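Enquirer: For reference, the chains in residue letters:
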Amino acid sequence: MSDLPMLPVRVTVKAVVEETPSVRTFYFEPGIPSSPGQFVMVWVPGVDEVPMALSSATSITVQQVGDATTAMFCLKPGDALGIRGPLGNGFTVSGKTLAIGGGVGAAPLLHLAVEGKVSTFLLGARTADELLFAPVINASSNLKIATDDGTAGHHGVVTDLMDEIDLEAYDHICVCGPEIMMLKVLERLHAAGVADRGQFSLHRYMKCGIGVCGSCATDPHGLRVCRDGPVFTGADLLESEFGRYARDATGSKVVFPWAKKAEE
Amino acid sequence: MISLQPGEITVGGVALHNHLLLAAGVLGTTGASLRRMLRLGAGGVVTKSIGPEPNPGHHGPCLVRTEGGLLNAMGLPNPSKEFVGEIEPLKDEPVVVSVYGKDPEDFKEVAGWFAGTGTARGFELNVSCPHAAGYGAAIGTDPEMVLECTRAVASHGLPVWVKLTPNVTDITTIGLAAEKGGASAIVAVNTVRGMRISTEMRRPVLGYRSGGLSGKAIFPIAVKCVWDLYEACSIPIVGCGGISTADDVVEMMMAGAQAVEVGSAVIDEVRVFEQIARGLYAADGVAAEEIVGVAHRV
Numbered sequence: 001m002s003d004l005p006m007l008p009v010r011v012t013v014k015a016v017v018e019e020t021p022s023v024r025t026f027y028f029e030p031g032i033p034s035s036p037g038q039f040v041m042v043w044v045p046g047v048d049e050v051p052m053a054l055s056s057a058t059s060i061t062v063q064q065v066g067d068a069t070t071a072m073f074c075l076k077p078g079d080a081l082g083i084r085g086p087l088g089n090g091f092t093v094s095g096k097t098l099a100i101g102g103g104v105g106a107a108p109l110l111h112l113a114v115e116g117k118v119s120t121f122l123l124g125a126r127t128a129d130e131l132l133f134a135p136v137i138n139a140s141s142n143l144k145i146a147t148d149d150g151t152a153g154h155h156g157v158v159t160d161l162m163d164e165i166d167l168e169a170y171d172h173i174c175v176c177g178p179e180i181m182m183l184k185v186l187e188r189l190h191a192a193g194v195a196d197r198g199q200f201s202l203h204r205y206m207k208c209g210i211g212v213c214g215s216c217a218t219d220p221h222g223l224r225v226c227r228d229g230p231v232f233t234g235a236d237l238l239e240s241e242f243g244r245y246a247r248d249a250t251g252s253k254v255v256f257p258w259a260k261k262a263e264e
Numbered sequence: 001m002i003s004l005q006p007g008e009i010t011v012g013g014v015a016l017h018n019h020l021l022l023a024a025g026v027l028g029t030t031g032a033s034l035r036r037m038l039r040l041g042a043g044g045v046v047t048k049s050i051g052p053e054p055n056p057g058h059h060g061p062c063l064v065r066t067e068g069g070l071l072n073a074m075g076l077p078n079p080s081k082e083f084v085g086e087i088e089p090l091k092d093e094p095v096v097v098s099v100y101g102k103d104p105e106d107f108k109e110v111a112g113w114f115a116g117t118g119t120a121r122g123f124e125l126n127v128s129c130p131h132a133a134g135y136g137a138a139i140g141t142d143p144e145m146v147l148e149c150t151r152a153v154a155s156h157g158l159p160v161w162v163k164l165t166p167n168v169t170d171i172t173t174i175g176l177a178a179e180k181g182g183a184s185a186i187v188a189v190n191t192v193r194g195m196r197i198s199t200e201m202r203r204p205v206l207g208y209r210s211g212g213l214s215g216k217a218i219f220p221i222a223v224k225c226v227w228d229l230y231e232a233c234s235i236p237i238v239g240c241g242g243i244s245t246a247d248d249v250v251e252m253m254m255a256g257a258q259a260v261e262v263g264s265a266v267i268d269e270v271r272v273f274e275q276i277a278r279g280l281y282a283a284d285g286v287a288a289e290e291i292v293g294v295a296h297r298v
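Protein chains in written order, with full-length UniProt numbering: chain A, 1 to 264; chain B, 1 to 298.
If you're looking for bench data, these hints aren't it; they were derived computationally from the structure.
The model shown is predicted, which means the values in this text are computed figures rather than measured ones.
It is possible that part of the hints are untrue.
Said to hold, decoys possible - Incomplete in silico selection of chain B near chain A, CB under 10 angstroms:
hint, residue
1, N55
2, P77
3, E200
What the hints assert, rightly or not - Here are a few chain B residues that face chain A, going by a calculated C-beta distance under 8 angstroms:
hint, residue
4, G28
5, G60
6, V64
7, T66
8, M201
9, V286
Note that the Cβ used here is the ideal one computed from N, Cα and C, for glycine as well.
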């Protein structure tokens, strides 16, 4: 327990970088020593506290989706945030690693790439404007790009890029992005018999962030995303709720649109 | 160190695998999470408190670590009636459903959803949460309300445990009200009112500003409450508040508890029940009756 943070630590926003039309990186001081894939609870005073992946020891990369992130988009250099972290278990890699990132999900994988731990990086986005960190990733790994509308790289989804990849050649396959994308990646890994090499960074509604409240517990094993994850192996996820439903703040199940038909 | 005989027990009308229950509000939001705690050695589990309407709870921060404890203001998040289906697969397990409401009618209605389905072995009335306006401790500090809420839920014919707040002048007044209302057991205690202020941010840390303190820091408070209730009441007491070791369990029993609930200690180790049981039970241990309340007899 001594490793778990106590009260939030005040950090000062040093710079705000507009990465894409919908994503900004907030650089702050002091940094949070952490390993790739770990996250922090970010306190936007007066609004809420939300989990965010670290894109480096001194930054979080944020998509505007709710109250807290909307309030964050008003922050300027000199403003304060509260941070609890680092939290959770990140990616564990050695040998040859493939990273697959979609949208803002590239953030925790960036941390891994800049540490020189990624051989090949498959990066997806809706459109060229939304591609995150492409130049930085390109400098440290073999980057392949896919966009839904074909404005950059392969015209299609990021999983299409897996066709030309020999999955067996990689010791680890680290994945972060929208759940539907991660589900498609898992299906491919499973088909290739390498689901156990997959490491997926899961997103679930969290309240406490330190493994007590249970709001991020997953089915069927009751594993806590905040404490037992957020990174789980593909083998762990195969028999789980992953790709089918998540839960909202009340604890009610919310079935993903693509899974609705199957649930009925 | 005193050891207890292992085995099934019955406390307050509820049959349990051992003396150690998972406390309400901790890892109790989903059926799978509750099942995990049973598999990891809990003798019974108390669910997240369920109320009359789905509730997202308070804005964060909702829970922070503090010296020797945890400070929380979750705000009673729960999916309400949907939870009946959530614990349906646990029908054969010792599940106590925690219930909250604003008045006796609310309590009766919510308990009624479970009473007819066989999903609850008993109820635990949350009349003690310190951070939900109009609920919890707002009711649990009023003996008449506690009596009426207990009576309303007891009408379903299942055991009713009433979880008390330590934030009152005399906890025995409330304990006696629960007993008079037909409670099968008293659970003592819920969290102690508390707050922290971030000096760096110059504002309260919790989103709800203040909340409830749990964990080691409140263990002596809980022991004293159990002690006082044992002197005043004749129904069984379930001790709760800062228990994290086998010796804590024995101490709580000597104060008068027949079983205990463990909550915040899961932060140190999710296998806390196995850990405590390893130290608590031995084949040549004493019967629990030999130590319950023994400290009163000196």
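Enquirer: A separate judgement is required for each hint: does it hold in the structure or not?
Expert: Against the structure, the hints:
1. The closest approach between the C-beta of N55 of chain B and any C-beta of chain A is roughly 6 angstroms, which is under the 10 angstroms cut-off, so the hint is satisfied.
2. For P77 of chain B, the interface hint holds, the least distance from its beta-carbon to any beta-carbon of chain A being 6 angstroms, beneath 10 angstroms.
3. A distance limit of 10 angstroms between C-beta atoms decides the matter here; for E200 of chain B the minimum to chain A is near 4 angstroms, and the interface restraint holds.
4. With its C-beta approaching chain A no nearer than about 6 angstroms, G28 of chain B sits inside the 8 angstroms limit, and its interface hint holds.
5. Because the beta carbon of G60 of chain B sits about 3 angstroms from the nearest beta carbon in chain A, less than 8 angstroms, this interface hint is met.
6. For V64 of chain B, the shortest C-beta to C-beta distance to chain A is roughly 6 angstroms, which falls under 8 angstroms, so the interface hint holds.
7. At about 6 angstroms, the closest approach between the beta carbon of T66 of chain B and any beta carbon in chain A falls short of 8 angstroms, and the interface hint on this residue holds.
8. Hint status for M201 of chain B relative to chain A: holds, with the closest Cβ pair at about 6 angstroms, below 8 angstroms.
9. Hint on V286 of chain B is violated. Least Cβ distance to chain A is approximately 32 angstroms, over the 8 angstroms limit.
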